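Participant: The whole structure should be built from the sequences, with the hints applied where relevant.
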Amino acid sequence: MKVFKSFPQIVRYGLLFYFLIPYFIFIKYFSLDLNLDYQELSWAFKNSLIQSSITAALVTLLSIPFSLGLFALKPTASLVASKLLLIPQILPTLFSILIAFSILNPFPMGTAGIIFIFVLIHLGFATVLVHSATQEKMSGYSMNSEIYGISRLQFFRRIYFPILKFELLATFVMIFVFCFASFSVPLVAGGGRGTNLEVLIFEKIFIGQNWPAAWTLNIFQSLFIFILSFSILKNRQYEPQEFFAGNYLRSKLGLCGIGIYLLIYLGGYAFGVLKSLSGFDQLITFSAEILTATIRSFQILTVYLAACFILLYAWIYDFVKNGSQNISSHLISSSTILVSFSFYLLFPSSNYGDYFKITLAMSILFFPSLFKSFLEKPLEKIKSQIFTAQIYGIDSTKIISVIVLRQIKRPLFLWISFLVVWFLSDFAILKSLGVQRSTIGLMAESFLSSYRLSLAYLLSLYILFLWLVTMAAIYFVSGVIDVINKKSST
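Each residue of the sequence shown is one higher than the one before, counting from 1 in our numbering.
No lab work stands behind these hints, which were simulated from the structure alone. It is possible that part of the hints are untrue.
As the list claims (entries may be wrong) - Below, simulated DSS-like cross-link-like pairs (lysine-lysine); rule was C-alpha separation at most 30 angstroms, straight line:
#  : residue 1 : residue 2
1  : 252       : 321
2  : 83        : 165
3  : 252       : 74
4  : 321       : 486
5  : 321       : 74
6  : 321       : 409
7  : 137       : 321
8  : 381       : 321
9  : 275       : 398
10 : 74        : 372
11 : 321       : 383
12 : 383       : 165
Computed from a predicted structure; not experimentally measured.
Facilitator: Here it is as structure tokens:
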């Protein structure tokens, strides 16, 4: 039947429609306003460019020696270090802001402070990306260069950088986009001097009540990000090759840099928590509110994860049927303000309204970027297996369950980890959605904004505990399901 033949196309364009819902809502409610204060726009755009480009340049440059530092470790130690380096990216902005405020006292509000927090957040993630790209593409070049007497300088100038130039550019652009669309960091650390486009849009909506101007600014920002992402962040496939690190790809200096970075971040957080333990008795007085917020957070989290798994299944189905990634993968950093304010207008401030708008907003904001970061490459790697299965006439549902999901377990688990911890700690999206009922993230932000840093630190530690318990439960349930599937297949 025609309906079933066109079903893959319905899924493909349905996914794109889903991630563009906020834009359709804005088109319905608002019109463009080209009568802007172009001096104000130029100032905010310049701040966004400066903050994003300097951060991306610093992070990309530092990630090169840091990635070489990982090769100086044994495989097991390197794997542990890689996981530790991902912690600043996994932990939501709330944690990094707390750490930055603890390290620098007084904190330099403005562009310098924003860049410091951005580097703190993204450096470990970029290091892991460059390390992974080096393993994929460098194979035995380092060892061969040493055998043929090519100097280290020539190796990097003639071999390393030419081979990895696309990956380094992609890392730069990804970090640039994350920073360019950031809302929470400039809002907290900008101090009026570091206002970026996202904060300007927020001010136009909630302070100036100039919604058409905010819509116009957001279209400008979103188009800029989409074009940049679409033109640069395209996944490239390479033939798998055996990798040998060689001495040229090992750096003790880079390893020292990793140690200093982790000491600053993890040590800074540990110091803040230890310093805040004296306020534990004060936190106990909020136990009833914390319990209520915890229950509510997990109720919405359940709905949110279910929605994300439905989206993931549809996305994988689209990939299996069409052989390419959905174009929505380039919507990696939509405007927090636009998405949140759209659903703020669409849904009432009620219990069920909060379920819908939080689930929709967070899935639209988090899903594409996390999919691109952790699941896109693993899917591309098994593309040939999918094609072979299709030749033999295997059903798409069976391909997804037997071939795809079984081979992407590790990146899938990491993807879920990000979804959970970002959800539990978020406050910027919830505030923009106009959520009135308390969640764990909103409670932590209220302590932070009222300068009760000790309570904010202790609540952040509680969030980490909830995250670990949740992931342990998910891991246990997935293990039970695997055992049941194996028994049923034998």
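Participant: Going through the numbered hints above, which ones does this structure break? Give me the numbers in ascending order.
Facilitator: 1, 5 and 9
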